[in-house]
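A.B. asks: Chain A is already provided as a structure; the job is to place chains B and C on it using the hints.
Listed here are the chains, written in short residue letters.
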Amino acid sequence: MGGEAVPGVGGRLLGLDGLEALVRALRDRSYRVIGPTVRDGAIVYDDVASLADLPRGWTDEQDGGTYRLRRRDDEALFGYAVGPHSWKQFLFPPQTLLMRVRRTDNGDLQMRDATTEEEAPRLAFLAARACDLHAVAIQDRVFLQRGAQDPTYATRRENAFIVAVNCGEPAGTCFCVSMGTGPRAEGGFDLALTEVLDGDGHRFVVEVGTEQGAEVLAELPSRQARTADREAADAVVASTAARMGRHMDTDGIKDLLYRNYEHPRWDEVASRCLSCTNCTMVCPTCFCSTVEDATDLTGQYAERSRVWDSCFTLDHSEMGGGHVRSSNRSRYRQWMTHKLATWIDQFDTSGCVGCGRCITWCPVGIDITEELQAIRDTDGG
Amino acid sequence: MESTSLEQLLAEYEFFGALGPADLALIAGCGRNEHFDAGGFLFRQGQQADRFYLVRAGRVALEIEAPGRGSLVIDTVETGGIVGISWIFPPYRWQFDARASEPVRAVGFDAACLRQKADDDPRLGYELMKSFAGVMAQRMQSARVRLLDLYSDVRTG
Amino acid sequence: MFAPAEALAPMVPRPFRVAARWPETRGVVTLALEPVDGPPLGFAPGQFTMLYAFGVGEVPISISGRQDGQVLQTIREVGAVTRALCAAEPGEVLGARGPFGSDWALHAAQGRDVVVVAGGLGVAPLRPAIRGLVADRERYGRISVLVGARSPDDLLFLDELRALADDPGLHVATTVDHAEPAWEGPVGVVPELIPDAPFDPSTAIALVCGPEVMMRFTAEALLDRGVPAERILVSMERNMKCAIGHCGHCQFGPEFICRDGPIFPYERIRRLIAVREV
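Chains as they are written, first to last, in the numbering used here: chain A, -4 to 376; chain B, 2 to 158; chain C, 660 to 937.
The shape of chain A in the complex, shown without the other chains (with noise of 0.2 Å):
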């Protein structure tokens, strides 16, 4: 029987052995399972083949411009926050080829839509976060608008099976109970797991989000989930919550930071800022994108292709043999002011979701909750 999606509160309750059922039921069903992995000193989203590829045991330390694993000294799967990698890299890949054009030998042009030649991958993020999962909602808002969807998001969006993990443990970079958008899943999973480990046993509590998420649950096995768990699973949820390690107040911020262009701080920021792009890549809500045209030696066939693009590099803001945006200072303000104030005007969300990414691989440490609290003391310069 598969449980109702009741939010908020778990129906079923999974062991490992039900986890590893999970996996295996999601690669028979062709998906390529992807989910946290410890690789080169961090946990990165890859291929999973099992619970034995998971970071079994391993937290991390997070702060400004800082990351590091350590062991715990419990066997939690899940007992970290978000590493270097979201689930941006999936389902809006870094490189994609768009486009093949032949000049053909009386000069007509052939041009073939490329993202259609592969099949689009069927993927399941395994153990997406809540500021992850807004991070998605956010890109849809981007990239599948009224008017101009982007193709290859769509299929690989409609592809993906979501099973979220709600937080059981934050990094000191860590905000989303700040922006609304976690440490609990409110929506956008197929299933979502919450990790309890105590004296009763190592199990998770399951939501379900889907109809889809229920069918895969029905096959796993599962049991009820008794009002202990399901408590014990607040009680993690609402000790994350707690435990927070940064803060942002959101209150007025569009208009905040609207009124604020010339503000001092942003040359303060400008000399430590090295425009490395480190933030946006991290970042799970950056889309810039660029367009790559090329030819082959022949200079008879060409390709096409988007590349992930940062309104941090010079080129960005290209025009007219100079740039619009051609110092530091314009540049950092032109992301923090996006991603804070004129996404809302863009998108009706915020930018941020609170992950912390751009504070903890910032090579030197700018936070961005330290940058708008310095212009709110100071509002007006």
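Quick caveat, the hints were computed from the structure, so don't treat them as lab data. Because the structure is a prediction, the values reported are computed rather than measured. There's no promise every hint is true.
Quick partial rundown of chain A residues pointing at chain C, CB under 10 Å, derived from the structure [as the list claims (entries may be wrong)]: (1) 113; (2) 117; (3) 138; (4) 144; (5) 259; (6) 262; (7) 271; (8) 282; (9) 291; (10) 312.
To spell it out: a stretch of chain C is covered by chain B in this simulated footprint if at least three of its residues, at any positions, have a beta carbon under 8 Å from a beta carbon of chain B; those stretches are [what the hints assert, rightly or not]: (11) 806 to 814; (12) 837 to 850.
Pulled from the structure, derived: some chain A residues nowhere near chain C, Cβ distances all over 12 Å [what the hints assert, rightly or not]: (13) 33; (14) 74; (15) 194; (16) 205.
Using N, Cα and C, we set each Cβ at its ideal position, and we do this for glycine too.
C.D. replies: For chains B and C alone, coordinates are given in the frame of chain A:
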């Protein structure tokens, strides 16, 4: 001089719009109607700036000639406009050629006459200065914007 | 209004053949493009396409007119892609995506005086509007066309401009930054032509296109004359890659120039246009 009809005429132009009838009469006393054929010069660069003009009809081109480049028109004054600023400040010398692009009817004002009247009545002098300052500001603004050369190609290669 | 037919492949151009090529002023060329197959490219005045030069790249180019099922596009050579486009000879096949963007909304100008102010290459995206206004002039009030250029040699579409100037039903004025004496017209900046243009500011609509600084000064001059900011339309420009609101390059504050613009009421962008490096 046709002072009376001249002061009625001056009252119709925006440039003199702020002046009362008594002031207009004073100014008109320094003025007279003039006419230039198309191509005729109102004044030449380097000459004594001994008058200025209110253009009643036609267009006046301010030009400068550079050897090898020919003549360049760097400004035009349309109907209702004022030609000549250099009469206000020493050394009272014209900086440009002023040439009628088409037949021009103008009122020419004797500079020494007006300077004297302004010295005698500083209040009138102040009113005149305000009006001329407005013309100078507008011309400077126009020149500055054109200095930006906004229409030119910016990129090479 | 024509919407890109290949919604499934919005980044793949349609092939268009160069039917004719006219060198205009220095560094500026107009191409007439006809589809290799399929329907002609429909557009509304003010819109643009992304023109593709095989293997070199794509740039946004204003549509400057239409003739016999062909679309006219006026290009100024400023870099690698535009150089390739300007060099395209009749018979050569290019790619075009679009049309994109907001238009001059002539329907909103019906019954009103219209002031068209064009600076430099800005006359290109305004030409379809001018042609539309003149062709249906009984729908509109008094029509003024004010044009500015660097010098007389840089005036675009000069023959067409002369014909408009000879039309007794239109007010046409042209100014240049500097000229040789053979030029008998005004020398100065375009806003200086506004005081003599016949329009009722309480109801008129202004269509303005040119370098951004020129549009700022023109808008201020129109505001001084009493035209409200919501009835001054300007055409903005930024770097464009996708033209469909996905790549993020053309952002101007919250506006995606490719999709929310390029044509905006001045009211909407007035605050932003005053901020440096936005």
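A.B. asks: Now, for every hint given, state plainly whether the structure supports it.
C.D. replies: How the hints compare with the structure:
1. 113: At about 15 Å, which exceeds the 10 Å cut-off, the nearest Cβ of chain C leaves the hint on residue 113 of chain A violated.
2. 117: violated, 20 Å
3. 138: Holds. Min distance 6 Å.
4. 144: Holds, about 7 Å.
5. 259: violated, 14 Å
6. 262: Violated: closest Cβ of chain C sits about 12 Å from residue 262 of chain A, beyond 10 Å.
7. 271: Violated, because the Cβ-Cβ distance from residue 271 of chain A to chain C comes to roughly 18 Å (cut-off 10 Å).
8. 282: holds, 6 Å
9. 291: Where the cut-off is 10 Å and the nearest Cβ of chain C is about 9 Å from residue 291 of chain A, the hint holds.
10. 312: Since chain C brings a Cβ to about 6 Å from residue 312 of chain A, closer than 10 Å, the hint holds.
11. 806 to 814: holds (count 4)
12. 837 to 850: holds (count 11)
13. 33: holds, 33 Å
14. 74: Correct as stated: the minimum Cβ-Cβ distance to chain C is 35 Å, above 12 Å.
15. 194: The assertion about residue 194 of chain A holds, with a minimum of 51 Å to chain C.
16. 205: holds, 26 Å
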